[in-house]
Amino acid sequence: MSRLRIVGGTVHDPANGVDGEVRDVCIDAGRIVAEVPSGTPTLDARGMIVMPGGVDIHSHVASSACNHARRLLVEEHSANPVAAPALEAGIAPARSGTGGTLPTTFTTGYRYAGLGYTTVFDAAVAPITARHTHAEFDDTPIVDGGFYILLGNDEYLLRQVDAGERDRARDYAAWMLEATGGYAIKIVNPGGVQAWKSGQRNLTAIDETLGSSRVTPRAILETLADAANTLRLPHPVHIHCNNLGQPGNVSTTLATMDALAGRRAHFTHLQFHCYGSGAEGKTGGWSSAAKQVIERVNGDPHVSVDVGQVMFGPATTLSADGPAQYLLQASSGRKWTNIDVELETGCGIIPYRYEERAAVSALQWAVGLELFLLAADPWRVVLSTDSPNGGSFEAYPALIQLLMDRAARDEQLKRVNQRLLAGSALTDGLSREYTLNEIAIITRAGPARLLGLRHKGHLGVGAEADVTVYTREDDRARMFSLPRYVIKGGVLVVEEGQLRRAPAGRRLRLAPGHDETVVTDLRRFYDAYGTVAFDNFPVRGLRDAPLELG
Amino acid sequence: MPAPGRGGASRPSQVGHVTCLGCGCACDDIALTIAAGRITAAERACPLGVAWFGDGRVPDQVQVDGKPAELERALDRAAAVLGEARGSALVMLGAELTVSAYGTALALADALGAATDSVVSEPAAAGILAGQRRGRATATLGEIRNRADLVVYWAVDPDQRYPRYRSRYAGAPPALHLADGAHPRTVVSVSVGSDAGPADADLKVALTPAQELAALAELRAGLLGRHLGGEALPSGVAELAGRLTQAKYVAIVHDGEPSAERRTPERAEALIALTQALNTPTRAALSTLRAGGNRNGAEAVSTWQTGFPFAVDFSRGAPRYQPHRRAGTPEASAPSAVLVVGAVESLPDPLRSSLQRVPAVVIGPRASAAPFPAKVAIDTGVAGIHEAGIGYRMDDLPLPLQAPLPGPRSAEAVVRDLMGRLASASRAAR
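Line by line, the protein sequences are chains D and B.
Using our numbering, read the first sequence as starting at 1 and increasing by one per residue.
Using our numbering, read the second sequence as starting at 551 and increasing by one per residue.
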C-alpha cells in the first residue's frame, strides 16, 4: 500500500500546532504528503484519535546486556510463551517468542508496534558488543532502532580526561559512534563503574577523584557533554547520574545539573535520582525530592529528562551501573549477574518486583508521578519506565492512565504504602490531568525533537508515515493498549487492532566525522591492551546509511 | 571442490585478523596465507587452530539417499521429509555456522513446530542452568588480562584444550592495572582428581573429587569468617582462602566442557556462588572455558529469539524450555525426522547413534560425510573460513567472521530456501 488517506480522525500533532483538529492525513511512498489523488484507498478514522507513531527515547531492548538478562529470566520466559501472530503471508515468517519484562526480539518488535510505538532506542550498549546489538535489531521487526554507546568509564576516554585532552576525547567519541553504528553518547555513573572494577567500589560525589588520577565525574561529564555539542550530535549526552537509587542522591543529581549548566544535556530515568535522605527532622531514611529537581529542570531550557517511572509489578533491573546493582543485590538477596566488560564498562542484572505494600517502591512510584505532574514543559519531560528497570514498556498505557485520570491515580495512591510519602507533592493532591496533546508530546513529538529526528514525531508534509490511530475511550489504559491502526513507514502494520504485517525496521545511526590522528593513537592503545583486533572492532556492512547531521 | 581462493593459482595472498573457531578463545589475530585455493599457513594459530583451518578445503556435494543429486531435488526431498514431520521433528544446531545461519534454522524450527537443541555439552549445560538459578559474576577476557592479579585454575590447565588462553587473556603484561614486571599475577592450580591445573602455578592444591565441594564450601564460608570443619582438607585450601581475599581482582577459571574426570554437577554452581561472594571483600570473575565452533553464538541467538539458550521446543506453538529432555537422551521424545544444521561431527554420540534409525536431513560443513544414512545431505561452507558473519567468543563477545576462501553454498541460504519450500507446501495444503 503505497498511498493511503486516513479520513476524518481527530489529529493530535503538537509539533505542527495541531491539537485535536478533525482532518485527513495523506500518505504516499512512506511519507506524509499534502494530498493524494482521488481513488486512493482510505482508512476511516472518524471519531478516532490520530497521532504520530510513538518514539521511545530510553529502553533496553537489543543489547548484549539484554541477552544476558534474558538468559537469567528463565522463569519469566517459561511463564510467558507467545505464539506467532497471524501475519499476512509475506517474505518473513511470523515468529513465536516469549514475553515478560524482557521479551524476545521478534516479540519486542510486535509488541512495541502493537502499542503504537514505531521508533525505539536502546539506551546502553557497550561499544565492543555493538555487533550483537545490530544482530538483535535485525531480528526486531517493524520498529526503527538505534542505540546509545556507553562512554564515561572507558579506559581510553578516562586517560584523555586525566590528560585534559578534550579534543582527542571528542574525536574518540566520534570514531566510536561511527565504528559502532551508534546514535548518541550515554554516560552511566561517570567514573563509578571504573571505580567498581578497580576496588575503589564507587564514586559517590561529582568531585571525587578516581584513584590517584585527576579524573572526576565532573570532568567526565564536561568532556563528553562538550564533545556531543561540538560534534553537533542531534541528541546531547544522555546521563545516568552517580548514586542511582540511593537515599539522599538528590544532591548528586542537582550538582550534576549545575556542573553542566549552560550545556545541552539529557538526564535519564530521573525518578531514580530524586530521593531525599528522610523526612524533615529525620536522617538516614528516604523521602521524595522530586519537587526540588523538577523545579531545577523547569528553569533550565538546556535540560531535558525522561522520567523512568516505576510501575508496580515485575521488573528487571539491568544496568551498566555495576556498583548500584551490587548494592541492590546485597539489599534484596535476589539472583544477580555481574559482567565486567573489558576496557569499557560494566553490567549488572537483577530480576525485581515493585510492590504497592513496599515503602520504597511506593515512594519511587510517587516520585515519578510528581516529576510528570510538576513538569512545566512537556517537551522536555519524556515518558519512560527505563524499561524493564521501572517496569516493562508494556506498562506505558497504564502510566498514561495515571497521568490523564486523577481519579484512577488517587485510587491507587490510597492503596500504596504511605510510610515514606510524607512531604510528597502527590499526597498534597496534585490535580493535574494530562491532555491528549500533552500525551502526544511526551510519547512522540517531544522525544523525536530531543533526538533530532526531524522526520519523526509529527505528521507534517515530508514526515515519515509513522501514524497511530486509537479508538477514543474513557479508559485511557485500554485506549492506549489497543491501537486500532498503526502505520509504519506507510505500511499498515496493525489493522482493526490486529498485527498484520511486520516489515523490517531501519537502523538509526550517525557518523559524525573525526580527526584521523585519534585512530593512530587508539590503535596503539588497543594493540597494547585489547583482546579484540583493532581492525575487527568496527561493525561493517550495516544495512542503512548513517543519518545526515545538521 | 571449491574454486581457487583469493590468491589465485600462483601468487599466495595474506588475509589478516581472521577469527579462529578452533576453540572458544576465538583468537582474532590469525593471518592466513592462501595459495591455489588452499590455506597454506595460519600465522599465530595454535595447533588446534592450525588443525581447525586445515587447508580450508571441504567437500562440496549434494546427496539424496547417499547418491549425488541436484540441489533443487535435494531441497524438495528435504521439504517432503520435514513436512511430514511437522510437530514432531527435531532441528539440531551443530557447530561451525554463523549466528545468522543459526537464527534462520530456528525460524525454520519455529515454522515446523519442531524441538530444537544444540551441541551444548552436558557439563556446559549444567553450568548454564546453575547460572540461571543464581546469576553469576563474570567478565570478558580482556578484563581478566588487564586486572586479575590472582588467577585460580580450577581443575583445568588451559594449555591442553585452549592453548592460547593464558598467553592472550591471563599472561604477561602489558596490563593496564597490573604492575609491569616478570610476575604480575599469582597463579593457583587446583587439581581435582586427574583434572590437573597448570604445572607452573605459584600455589598448587590437590583435591580428590570427593573433597571438591567441601573445599568450595569452606572457601565460601571463610569469606564470612566461618569455618565449616568436617572433612579434612589439604592445607593449601586455607592458604588459597587467604590469597583470595588479599587479591585485588580474582579470576577463577574452570572448564565448561567435559574432561577426564567425571565431575559433580554441583561444581559449576559452587564456583558461581564462591565468585559472587568474593565480590564483597574484593572483586572477582568466573571465566568458563568453552569449546569452539561458535557454540556461544548458537546459544546467544537462541536466547534472543526464544528466551532460552538451548533445548527449545516449538511443538506447542511457542518456545518451551526442555533442558532436562536433551536431544538424543532417553528423556526426550523420539523425533519423526531430524534436520541437522551445522557440522555433523559435533553432534553428541547418543544423538548420532539415534540418527541411524530416523529420517535425517543434514545441511552443513561435511554433511556428505555424515556417519549415518541421511535422506538428504547438503554440504556448506564453514563459518569463518567460507562464510562471513558473526561468531562468539567463550565470554560471549561477538566477533566478525571473515570468508577468506570461497566455499560451497551458504548454510543460511540453503535453510532459507528450504523454509520457503515448506511454507509453500503448507499453503498449498491449506
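It should be emphasised that the hints constitute simulated quantities derived from the structure, not laboratory data.
Keep in mind that a hint or two might mislead.
[Said to hold, decoys possible] No farther apart than 25 Å at their CA atoms in a straight line, the calculated lysine to any residue pairs in the SDA-like style are these:
#, chain 1, residue 1, chain 2, residue 2
1, D, 335, B, 736
2, B, 798, D, 198
3, B, 798, D, 355
4, B, 754, B, 682
5, B, 798, D, 292
6, D, 291, D, 478
7, B, 798, D, 529
8, D, 335, D, 355
9, D, 335, B, 754
10, B, 798, B, 736
11, D, 335, B, 717
12, B, 798, D, 204
[Unchecked claim] To give an idea of the interface, some chain B residues facing chain D are shown, with a C-beta separation under 8 Å as derived from the structure:
#, residue
13, 713
14, 772
15, 775
Glycine is no exception: its CB is placed at the ideal position from the N, C-alpha and C atoms.
Now for the hints, and whether the structure bears them out:
With a C-alpha separation of about 30 Å, the suggested pair residue 335 of chain D and residue 736 of chain B falls outside the 25 Å cut-off, and the hint is violated. For the proposed pair residue 798 of chain B and residue 198 of chain D, the alpha carbon gap of about 8 Å is at most 25 Å, so the pair holds. With a C-alpha separation of about 38 Å, the suggested pair residue 798 of chain B and residue 355 of chain D falls outside the 25 Å cut-off, and the hint is violated. The straight-line distance between the Cα atoms of residue 754 of chain B and residue 682 of chain B is roughly 31 Å, outside the 25 Å bound, and the hint therefore fails.
Our distance criterion of 25 Å between C-alpha atoms is broken by residue 798 of chain B and residue 292 of chain D, whose separation comes to about 40 Å. About 30 Å separates the Cα atoms of residue 291 of chain D and residue 478 of chain D, which puts this hinted pair outside 25 Å; it is violated. For a cut-off of 25 Å, the pair hint linking residue 798 of chain B to residue 529 of chain D stands: about 19 Å separates their Cα positions. Simply put, residue 335 of chain D and residue 355 of chain D have alpha-carbon atoms about 18 Å apart, close enough for the 25 Å limit, and the pair holds.
Taking the CA atoms of residue 335 of chain D and residue 754 of chain B, the gap is about 32 Å. The hint is violated against a cut of 25 Å. Between residue 798 of chain B and residue 736 of chain B the alpha-carbon distance is near 11 Å, which keeps this suggested pair within the 25 Å criterion. Under the criterion of a C-alpha separation no larger than 25 Å, the hint pairing residue 335 of chain D with residue 717 of chain B is inconsistent with the structure, at around 33 Å. The straight-line distance between the Cα atoms of residue 798 of chain B and residue 204 of chain D is roughly 21 Å, inside the 25 Å bound, and the hint therefore holds.
This hint is violated: residue 713 of chain B has a C-beta 15 Å from the nearest C-beta of chain D, more than the 8 Å allowed. Proximity of residue 772 of chain B to chain D is violated relative to the hint, the smallest CB-CB distance being about 19 Å (cut-off 8 Å). Against a cut-off of 8 Å between C-beta atoms, the interface hint on residue 775 of chain B is violated, since the closest Cβ of chain D lies about 17 Å away.
This entry does not satisfy hints 1, 3, 4, 5, 6, 9, 11, 13, 14 and 15, going by the numbered hints stated previously.
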